[in-house]
Amino acid sequence: MRFLFYDSVTRIEKGKSITGIKTFALSEEFLRGHFKKIALIPGVILIEAMAQLLGWLIIYSHDFRISSVMSLIEDVDITSTLRPGFKAEIQAEIISTSKRDSLGRARVYADGELIASMDRIIYSHFQMGDPEELRQRFKYFSGLTDLPRIKD
1437 MRFLFYDSVT
1447 RIEKGKSITG
1457 IKTFALSEEF
1467 LRGHFKKIAL
1477 IPGVILIEAM
1487 AQLLGWLIIY
1497 SHDFRISSVM
1507 SLIEDVDITS
1517 TLRPGFKAEI
1527 QAEIISTSKR
1537 DSLGRARVYA
1547 DGELIASMDR
1557 IIYSHFQMGD
1567 PEELRQRFKY
1577 FSGLTDLPRI
1587 KD
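Convert by adding 1436 to the 1-based position in the sequence shown; the result is the number in the numbering used here.
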């Protein structure tokens, strides 16, 4: 089982926002036995998808020189259900960022309908030894191929 809850990054703007997509399949490991009669995507998976993309936006915005660890979420709202087979669009934005931490928010949409939101997500930052290694990891997991080189 993999723990990556987005398929690709479709748009990223350094220091501002990121958009990604995820199509949840009925064969997802976390759905096995979750709801026996009707398969629904668990809200915690939607939260994790939002957190993963926002975390990468923060790392990207700091030129891959930091790692971000989610330390607080507040104002989470799961407004509707999401069933397997639907494509979710995940949008996240940075509200503020510094060397020590970042504040952001995120949303999940399906067919233009708001499914889930987090209005306050705080990440703590930790210095990374080799930014190129993190850059390559992001390139692999995002599906983006035109990432700028890291400058010293």
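It is worth saying that the hints were derived from the structure and are not from the lab.
For each residue, glycine too, the CB sits at the ideal point set by N, CA and C.
Treat the hints with caution; some may be incorrect.
Stated by the list, open to error - Estimated spans, in silico, between C-beta atoms of each pair:
hint, residue 1, residue 2, range
1, G1565, S1463, 36 to 46 Å
2, I1531, R1468, 34 to 44 Å
3, S1463, G1579, 15 to 25 Å
4, D1443, A1475, 32 to 42 Å
Check your understanding: Is the hinted range of 34 to 44 Å satisfied by the C-beta distance from I1531 to R1468?
Key -> For R1468 against I1531, whose Cβ atoms are near 37 Å apart, the range 34 to 44 Å holds.
Check your understanding: Does the Cβ-Cβ separation between S1463 and G1579 fall within 15 to 25 Å?
Key -> Check passed, 21 Å falls within 15 to 25 Å.
Check your understanding: Lying within 32 to 42 Å: is that true of the beta-carbon distance D1443 to A1475?
Key -> 18 Å, violated
Exercise for review: Go ahead and decide if the range 36 to 46 Å is satisfied by the Cβ distance of G1565 to S1463.
Suggested key: At roughly 37 Å between Cβ atoms, S1463 and G1565 fall inside 36 to 46 Å, so the hint holds.
Checked against the numbered hints above, the structure breaks only hint 4 and satisfies the rest.
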